[in-house]
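K.L.:
Spelled out from the first residue to the last, the chains are:
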Amino acid sequence: MYHSNRWQRLVSSLPALALAAGLVLPTAAAPLKEGDPFPDLKTFKLEGELPDFAGKVVIVDFFASWCGPCKDSFPAMQELHEKFAGKGLIILAVNLDKKAEDMKEFLSKHTATFPIVRDGANALVKAVKIATMPSSFILDRTGKVRFIHRGFKGDKTKEEYLQQISELLK
Amino acid sequence: MKILLRLSLLFVAVGFLTGCRHVEPWERGNLAEYVMRADRDPLGDQAAEHMWFSRESATGGAGVGGGGCGCN
Numbered sequence: 001m002y003h004s005n006r007w008q009r010l011v012s013s014l015p016a017l018a019l020a021a022g023l024v025l026p027t028a029a030a031p032l033k034e035g036d037p038f039p040d041l042k043t044f045k046l047e048g049e050l051p052d053f054a055g056k057v058v059i060v061d062f063f064a065s066w067c068g069p070c071k072d073s074f075p076a077m078q079e080l081h082e083k084f085a086g087k088g089l090i091i092l093a094v095n096l097d098k099k100a101e102d103m104k105e106f107l108s109k110h111t112a113t114f115p116i117v118r119d120g121a122n123a124l125v126k127a128v129k130i131a132t133m134p135s136s137f138i139l140d141r142t143g144k145v146r147f148i149h150r151g152f153k154g155d156k157t158k159e160e161y162l163q164q165i166s167e168l169l170k
Numbered sequence: 001m002k003i004l005l006r007l008s009l010l011f012v013a014v015g016f017l018t019g020c021r022h023v024e025p026w027e028r029g030n031l032a033e034y035v036m037r038a039d040r041d042p043l044g045d046q047a048a049e050h051m052w053f054s055r056e057s058a059t060g061g062a063g064v065g066g067g068g069c070g071c072n
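As you go down the protein sequences, you meet chains A and B in turn. Residue numbering for the first sequence follows our numbering, starting at 1 and increasing by one per position. Residue numbering for the second sequence follows our numbering, starting at 1 and increasing by one per position.
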């Protein structure tokens, strides 16, 4: 009767295992909210060089080459960079393309002199859980998320950036 | 009876393990490709539409004139 017992034990444990796996697998990290500290970027194995964020206001902008509004947002980001880089703002663009070549091609068409890193493994984006593409997080000088931008809506978003950055740089 | 109950529980539980999942915003690169567009082939779309309105005698719905005879 050894076999029958083993079979019964196996069958009886399967529902519990499957249920546990089914319930656990879809569970992911909660999206980052205003007021939360932004995770330490050094722990995510991003490709590229990270600037020194100490005491700076930071925009972490997630983009990909296949995302239309990301293309529109780049000139605005470049403008903000030129205007505020000397006043304590760092813009860090985080690329989410699967292939590095796609990012390179995108950057050959869109001027960007601010730091750019690649989150090829999507580890960072999974940790912060953005709601749409592009998304950006504006962090204050202490590294706390103060504003979140979901999508890029042209001049409206640009105005908001200007206002929020000016406020944080005061 | 007990084994039946356990088996049915197993089937319910397996339902949680289906391949359906939410595609995250940063995973939509493939979906954003040109070949994924429904309107990527204007000529093909026109032909399909023509066949559709001829078959359904439903001309006009898609902005095309005709009587549903399939001859225009």
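Just to be clear, a hint being listed does not mean it is correct.
[Said to hold, decoys possible] Reference listing, derived: stretches of chain A covered by chain B, where coverage requires no fewer than 3 residues with Cβ under 8 angstroms from a Cβ of chain B:
id: 1; region: 90 to 101
id: 2; region: 130 to 138
[Said to hold, decoys possible] Here are a few chain A residues that sit away from chain B, every Cβ distance over 12 angstroms (derived from the structure):
id: 3; residue: GLY35
id: 4; residue: GLY68
id: 5; residue: PHE114
id: 6; residue: ASP119
id: 7; residue: VAL145
id: 8; residue: ARG150
id: 9; residue: GLY151
id: 10; residue: LYS170
[To be verified] Across the chosen pairs, the derived CB separations fall in these ranges:
id: 11; chain 1: A; residue 1: LEU107; chain 2: B; residue 2: PHE11; range: 16 to 26 angstroms
id: 12; chain 1: B; residue 1: VAL14; chain 2: A; residue 2: GLU47; range: 31 to 41 angstroms
id: 13; chain 1: A; residue 1: GLY68; chain 2: B; residue 2: PHE11; range: 25 to 35 angstroms
id: 14; chain 1: B; residue 1: PHE11; chain 2: A; residue 2: PRO51; range: 33 to 43 angstroms
id: 15; chain 1: A; residue 1: GLY68; chain 2: B; residue 2: HIS50; range: 25 to 35 angstroms
id: 16; chain 1: A; residue 1: LYS104; chain 2: B; residue 2: GLU24; range: 20 to 30 angstroms
id: 17; chain 1: B; residue 1: GLN46; chain 2: A; residue 2: LYS170; range: 19 to 29 angstroms
id: 18; chain 1: A; residue 1: ARG150; chain 2: B; residue 2: TYR34; range: 52 to 62 angstroms
These are calculated hints, taken from the structure and not from any lab test. Predicted model only: the values in this text are computed from it and were never measured. By construction, the Cβ of each residue, glycine as well, lies at the ideal position given by its N, Cα and C atoms.
K.L.:
All hints are to be evaluated individually against the structure, with a verdict given for each.
P.N.:
Now the hints, each set against the structure:
1. 90 to 101: holds (count 3)
2. 130 to 138: holds (count 5)
3. GLY35: holds (22 angstroms)
4. GLY68: Answer for GLY68(A): violated, closest chain B Cβ roughly 8 angstroms.
5. PHE114: At roughly 20 angstroms from the nearest Cβ of chain B, PHE114(A) sits farther out than 12 angstroms, so the non-interface label holds.
6. ASP119: violated (8 angstroms)
7. VAL145: Consistent with the label, VAL145(A) stays out of reach of chain B, its closest Cβ about 18 angstroms off (over 12 angstroms).
8. ARG150: violated (9 angstroms)
9. GLY151: violated (10 angstroms)
10. LYS170: holds (32 angstroms)
11. LEU107(A) - PHE11(B): 16 to 26 angstroms: Cβ of LEU107(A) to Cβ of PHE11(B): about 50 angstroms, so the range 16 to 26 angstroms is violated.
12. VAL14(B) - GLU47(A): 31 to 41 angstroms: The hint (31 to 41 angstroms, Cβ to Cβ) holds, given that VAL14(B) and GLU47(A) are roughly 39 angstroms apart.
13. GLY68(A) - PHE11(B): 25 to 35 angstroms: Violated, at about 43 angstroms.
14. PHE11(B) - PRO51(A): 33 to 43 angstroms: violated (54 angstroms)
15. GLY68(A) - HIS50(B): 25 to 35 angstroms: Holds, at about 31 angstroms.
16. LYS104(A) - GLU24(B): 20 to 30 angstroms: Holds, since LYS104(A) and GLU24(B) (Cβ atoms, about 23 angstroms apart) stay within the stated range.
17. GLN46(B) - LYS170(A): 19 to 29 angstroms: Given range 19 to 29 angstroms: violated, Cβ gap about 58 angstroms.
18. ARG150(A) - TYR34(B): 52 to 62 angstroms: Given range 52 to 62 angstroms: violated, Cβ gap about 25 angstroms.
Figure legend: structure checked against the earlier numbered hints; hints not met, in rising order: 4, 6, 8, 9, 11, 13, 14, 17 and 18.
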